[in-house]
Amino acid sequence: MSEAKKYPAPVTNPETAAFWDAAKQGKFVIKRCTACGEAHYFPRSICPFCYSDKTVWEEASGEGTIYTWSLMRKSPTGPYAIGYVTLKEGPSVQTNFVDCDLEKLKIGQKVKVVFKPTDGAPLPFFTVA
Amino acid sequence: MTIKGKAYIAGIYEHPTRHAPDKSTAQLHAEVAKGAIEDAGISKDDVDGYFCAGDAPGGAWPMVDYLGLNTKKLRHVDSTETGGCSYIIHLGHAAEAIAAGKCSIALITLAGKPRTGVMPPRAAGAEVDFESAYGATTHNAYGMCAMRHMHDYGTTSEQLAWIKVAASHHAQYNPHAMLKDVVTVEDVLNSPMISDPLHRMDCCVVSDGGGALIVTTPEIAKSLKKPLVKLIGHGEAMKGPRGGKDLDLTYSAGVWSGPRAFEEAGITPKDIKYASIYDSFTITVLMQLEDLGFCKKGEGGKFVADGNLISGVGKLPFNTDGGGLCSNHPVNRGGMTKIIEAVRQLRGEAHPKVQVKNCDLAIAHGTGGLLGVRHAASTAILERV
Numbered sequence: 000m001s002e003a004k005k006y007p008a009p010v011t012n013p014e015t016a017a018f019w020d021a022a023k024q025g026k027f028v029i030k031r032c033t034a035c036g037e038a039h040y041f042p043r044s045i046c047p048f049c050y051s052d053k054t055v056w057e058e059a060s061g062e063g064t065i066y067t068w069s070l071m072r073k074s075p076t077g078p079y080a081i082g083y084v085t086l087k088e089g090p091s092v093q094t095n096f097v098d099c100d101l102e103k104l105k106i107g108q109k110v111k112v113v114f115k116p117t118d119g120a121p122l123p124f125f126t127v128a
Numbered sequence: 000m001t002i003k004g005k006a007y008i009a010g011i012y013e014h015p016t017r018h019a020p021d022k023s024t025a026q027l028h029a030e031v032a033k034g035a036i037e038d039a040g041i042s043k044d045d046v047d048g049y050f051c052a053g054d055a056p057g058g059a060w061p062m063v064d065y066l067g068l069n070t071k072k073l074r075h076v077d078s079t080e081t082g083g084c085s086y087i088i089h090l091g092h093a094a095e096a097i098a099a100g101k102c103s104i105a106l107i108t109l110a111g112k113p114r115t116g117v118m119p120p121r122a123a124g125a126e127v128d129f130e131s132a133y134g135a136t137t138h139n140a141y142g143m144c145a146m147r148h149m150h151d152y153g154t155t156s157e158q159l160a161w162i163k164v165a166a167s168h169h170a171q172y173n174p175h176a177m178l179k180d181v182v183t184v185e186d187v188l189n190s191p192m193i194s195d196p197l198h199r200m201d202c203c204v205v206s207d208g209g210g211a212l213i214v215t216t217p218e219i220a221k222s223l224k225k226p227l228v229k230l231i232g233h234g235e236a237m238k239g240p241r242g243g244k245d246l247d248l249t250y251s252a253g254v255w256s257g258p259r260a261f262e263e264a265g266i267t268p269k270d271i272k273y274a275s276i277y278d279s280f281t282i283t284v285l286m287q288l289e290d291l292g293f294c295k296k297g298e299g300g301k302f303v304a305d306g307n308l309i310s311g312v313g314k315l316p317f318n319t320d321g322g323g324l325c326s327n328h329p330v331n332r333g334g335m336t337k338i339i340e341a342v343r344q345l346r347g348e349a350h351p352k353v354q355v356k357n358c359d360l361a362i363a364h365g366t367g368g369l370l371g372v373r374h375a376a377s378t379a380i381l382e383r384v
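Read top to bottom, the protein sequences are chains E and Z.
Just so it is clear: in the first sequence, position 58 is 57 by numbering that gives the first Met the number 0, and no numbers are missing.
Just so it is clear: in the second sequence, position 118 is 117 by numbering that gives the first Met the number 0, and no numbers are missing.
Since the hints were made in silico from the structure, they are not lab data.
Worth double-checking, as some hints may not be accurate.
For lysine-lysine, the following BS3-like pairs were computed, each having C-alpha atoms within a straight-line distance of at most 30 Å [unchecked claim]: (1) E:Lys105 / Z:Lys314; (2) E:Lys73 / E:Lys53; (3) Z:Lys314 / Z:Lys225; (4) E:Lys87 / Z:Lys229; (5) Z:Lys301 / E:Lys105; (6) E:Lys53 / Z:Lys244; (7) Z:Lys244 / Z:Lys296; (8) E:Lys73 / Z:Lys179; (9) E:Lys111 / Z:Lys244; (10) Z:Lys244 / E:Lys109; (11) Z:Lys295 / Z:Lys225; (12) E:Lys4 / E:Lys73; (13) Z:Lys72 / Z:Lys244; (14) E:Lys23 / E:Lys109; (15) E:Lys5 / E:Lys73; (16) Z:Lys296 / Z:Lys3; (17) E:Lys105 / Z:Lys272; (18) E:Lys115 / E:Lys4; (19) Z:Lys221 / Z:Lys295; (20) Z:Lys269 / E:Lys103; (21) E:Lys23 / E:Lys115; (22) E:Lys26 / Z:Lys221; (23) E:Lys105 / Z:Lys295; (24) E:Lys115 / Z:Lys3; (25) Z:Lys101 / Z:Lys179; (26) Z:Lys5 / Z:Lys244; (27) Z:Lys296 / Z:Lys272; (28) Z:Lys296 / Z:Lys314; (29) Z:Lys224 / Z:Lys296; (30) Z:Lys269 / E:Lys109; (31) Z:Lys229 / Z:Lys314; (32) E:Lys23 / Z:Lys244; (33) Z:Lys356 / Z:Lys5; (34) Z:Lys301 / E:Lys103; (35) Z:Lys296 / Z:Lys225; (36) E:Lys87 / Z:Lys72; (37) E:Lys87 / E:Lys115; (38) Z:Lys221 / Z:Lys356; (39) Z:Lys296 / E:Lys103.
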């Protein structure tokens, strides 16, 4: 089961350290550009849309909907479901779905963020809301 | 500036092996290089341009040395790495170098041993901490595309299965194909689900092997004995989630590389007699056919159904060697064999049972990386002179 799965600890770097510090507090943060107003994921210091360096951290709702998914049935560590979630704030993020019936996932379904521990900072996953 | 008609493919070679426990990866590169050089009827000492990708042990300079290329003459190298479509990109880059006078006889090699050797790991990108834990593999990354394509356009597993069925009809005539049995739509649907909605028979084979090309000037090509095949259009492009904005996994970078190649060639998809389309998975073919303009977006399912891709049966014969779905997929990279089968068709050297009549215009198109994550695409349009 996914609960027993051991996930790799993020290596982190100066550009993304604040994301992982927030994750340790149970907060899911994204970057938003104050010049063009667009949010993006994964976080960058330079906005990928307008190239402004005026990007700021923002706590996201952690809510979104499933854009797509695929249940990988042939894996040495057991089946797992990968997918993209379109966050309420706009950006779509790659993730795994956990703590729910993986056979019943549906595009458009509402999901929410949940953190799973690693040997370092916890990693964000999504589960059915 | 254009590369239209500036470069010819004068030599091709596909390694017959699909399982090579007794060979080294570098050795396979040497064997395919030798094969393409002999096919062209040139000497290895004539090669003055060398192209390879991430499968070449150590990259370009160790390979140039190992292959014993003539370093007094060699004056152009390119080790562009874009996964499975690297070799289609190399073909375009070779034409650019030839057109600019930077080399006159280019050698492109691909070889490796995913079945019997160790595959070199890919270097991590900036996304690593935000993606690597989620276990994106080829199967589930392409599965995610198929799932969304079905959702948006009503594409069905039956329609996807027709792509495998067509490939199997061709593979029965290829003595080197790994899977020679003709299969039905039901066979595909009854094969085990690997990563929803892709069944085992929606997936390509894993094989050792390789292939090589000799690309040269019109003048040199005309001095050699092989039928003349020239490059008349080329395109390349890349696509990724780009910060997660407006994510759309139902199209590939082929929507950009394809039109670039067709525009340069001055033809349209309707003119194409034969299509080599990268078939890592059935969904890869369906999306690329739409992206290249063989049908409208969302209508790929109808287009591939009922044998439309079978040579002698349908309107667009594709992958007449059996492709990655049935013949081989050397080093998990299908771009090279796509070019080779297109050249065979244009030369009239395909198996008689699958040879397209009067085949004068062909396309070889591929993607590299993961369609559902980030990838490259490249399109080559070839003409028999």
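We went through each hint and held it up to the structure:
As the CA atoms of Lys105 (chain E) and Lys314 (chain Z) are separated by approximately 36 Å, the hinted pair breaks the 30 Å bound. The suggested pairing of Lys73 (chain E) with Lys53 (chain E) is violated, with an alpha-carbon distance near 44 Å, which exceeds 30 Å. Restraint check for Lys314 (chain Z) and Lys225 (chain Z): satisfied, since their Cα atoms lie roughly 28 Å apart, inside the 30 Å limit. A threshold of 30 Å between alpha carbons decides the hint, and for Lys87 (chain E) with Lys229 (chain Z) the separation of about 51 Å lies outside it, so the pair is violated.
Straight-line distance between C-alpha atoms of Lys301 (chain Z) and Lys105 (chain E) comes to about 24 Å, which keeps the hinted pair within the 30 Å bound. Restraint check: the Cα-Cα separation between Lys53 (chain E) and Lys244 (chain Z) comes to about 18 Å, which is no more than 30 Å; the hinted pair holds. Annotation: proposed proximity of Lys244 (chain Z) to Lys296 (chain Z) holds, straight-line Cα distance about 20 Å (limit 30 Å). Proposed proximity of Lys73 (chain E) and Lys179 (chain Z) is supported: the alpha carbons are some 25 Å apart, at most 30 Å.
Taking the CA atoms of Lys111 (chain E) and Lys244 (chain Z), the gap is near 19 Å; set against the 30 Å cutoff, the hint holds. As the CA atoms of Lys244 (chain Z) and Lys109 (chain E) are separated by approximately 19 Å, the hinted pair is consistent with the 30 Å bound. Taking the CA atoms of Lys295 (chain Z) and Lys225 (chain Z), the gap is about 37 Å. The hint is violated against a cut of 30 Å. Pair hint Lys4 (chain E) plus Lys73 (chain E) holds up; C-alpha atoms about 15 Å apart against a cutoff of 30 Å.
Of the pairs offered as hints, the one joining Lys72 (chain Z) and Lys244 (chain Z) is violated, with about 48 Å between alpha carbons and a cut-off of 30 Å exceeded. Proximity of Lys23 (chain E) to Lys109 (chain E) is assessed by CA-CA distance (about 24 Å); at most 30 Å being required, the pair is judged to hold. Distance restraint check for Lys5 (chain E) and Lys73 (chain E): the Cα-Cα separation of roughly 17 Å lies within the 30 Å cut-off, and the hinted pair is therefore satisfied. The suggested pairing of Lys296 (chain Z) with Lys3 (chain Z) holds, with an alpha-carbon distance near 28 Å, which does not exceed 30 Å.
In summary, the hint linking Lys105 (chain E) to Lys272 (chain Z) is not supported, as the alpha carbons are separated by about 40 Å, beyond the 30 Å threshold. A C-alpha spacing of about 10 Å is found between Lys115 (chain E) and Lys4 (chain E), which places the hinted pair at or below 30 Å, so the restraint holds. Only pairs whose Cα atoms come within 30 Å are accepted, and Lys221 (chain Z) paired with Lys295 (chain Z) is rejected, the gap being roughly 39 Å. Distance check on the hinted pair: Lys269 (chain Z) and Lys103 (chain E) sit about 42 Å apart at the alpha-carbon level, beyond 30 Å; violated.
This hinted pair checks out: Lys23 (chain E) and Lys115 (chain E) have alpha carbons roughly 10 Å apart, not beyond 30 Å. With a C-alpha separation of about 67 Å, the suggested pairing of Lys26 (chain E) with Lys221 (chain Z) is violated against the 30 Å cut-off. Among the hinted pairs, Lys105 (chain E) with Lys295 (chain Z) is consistent with the structure: their alpha-carbon atoms are about 26 Å apart, no more than 30 Å. Between Lys115 (chain E) and Lys3 (chain Z) the alpha-carbon distance is near 54 Å, which puts this suggested pair outside the 30 Å criterion.
Straight-line distance between C-alpha atoms of Lys101 (chain Z) and Lys179 (chain Z) comes to about 43 Å, which puts the hinted pair past the 30 Å bound. About 39 Å separates the Cα atoms of Lys5 (chain Z) and Lys244 (chain Z), which puts this hinted pair outside 30 Å; it is violated. Between Lys296 (chain Z) and Lys272 (chain Z) the CA atoms are separated by roughly 21 Å; this keeps the pair inside 30 Å, and the hint holds. Taking the CA atoms of Lys296 (chain Z) and Lys314 (chain Z), the gap is near 18 Å; set against the 30 Å cutoff, the hint holds.
Restraint check for Lys224 (chain Z) and Lys296 (chain Z): not satisfied, since their Cα atoms lie roughly 42 Å apart, outside the 30 Å limit. At roughly 43 Å between alpha-carbon atoms, Lys269 (chain Z) and Lys109 (chain E) are farther apart than 30 Å, so this suggested pair is violated. Distance check on the hinted pair: Lys229 (chain Z) and Lys314 (chain Z) sit about 24 Å apart at the alpha-carbon level, within 30 Å; holds. As the CA atoms of Lys23 (chain E) and Lys244 (chain Z) are separated by approximately 26 Å, the hinted pair is consistent with the 30 Å bound.
In summary, the hint linking Lys356 (chain Z) to Lys5 (chain Z) is supported, as the alpha carbons are separated by about 26 Å, within the 30 Å threshold. For a cut-off of 30 Å, the pair hint linking Lys301 (chain Z) to Lys103 (chain E) stands: about 28 Å separates their Cα positions. Taking the CA atoms of Lys296 (chain Z) and Lys225 (chain Z), the gap is near 38 Å; set against the 30 Å cutoff, the hint is violated. Between the alpha carbons of Lys87 (chain E) and Lys72 (chain Z) the distance comes to roughly 59 Å, so the proposed pair goes past 30 Å and is violated.
Between Lys87 (chain E) and Lys115 (chain E) the alpha-carbon distance is near 21 Å, which keeps this suggested pair within the 30 Å criterion. Among the hinted pairs, Lys221 (chain Z) with Lys356 (chain Z) is consistent with the structure: their alpha-carbon atoms are about 23 Å apart, no more than 30 Å. Proposed proximity of Lys296 (chain Z) and Lys103 (chain E) is supported: the alpha carbons are some 28 Å apart, at most 30 Å.
The structure fails hints 1, 2, 4, 11, 13, 17, 19, 20, 22, 24, 25, 26, 29, 30, 35 and 36 (numbered hints given earlier, in ascending order).
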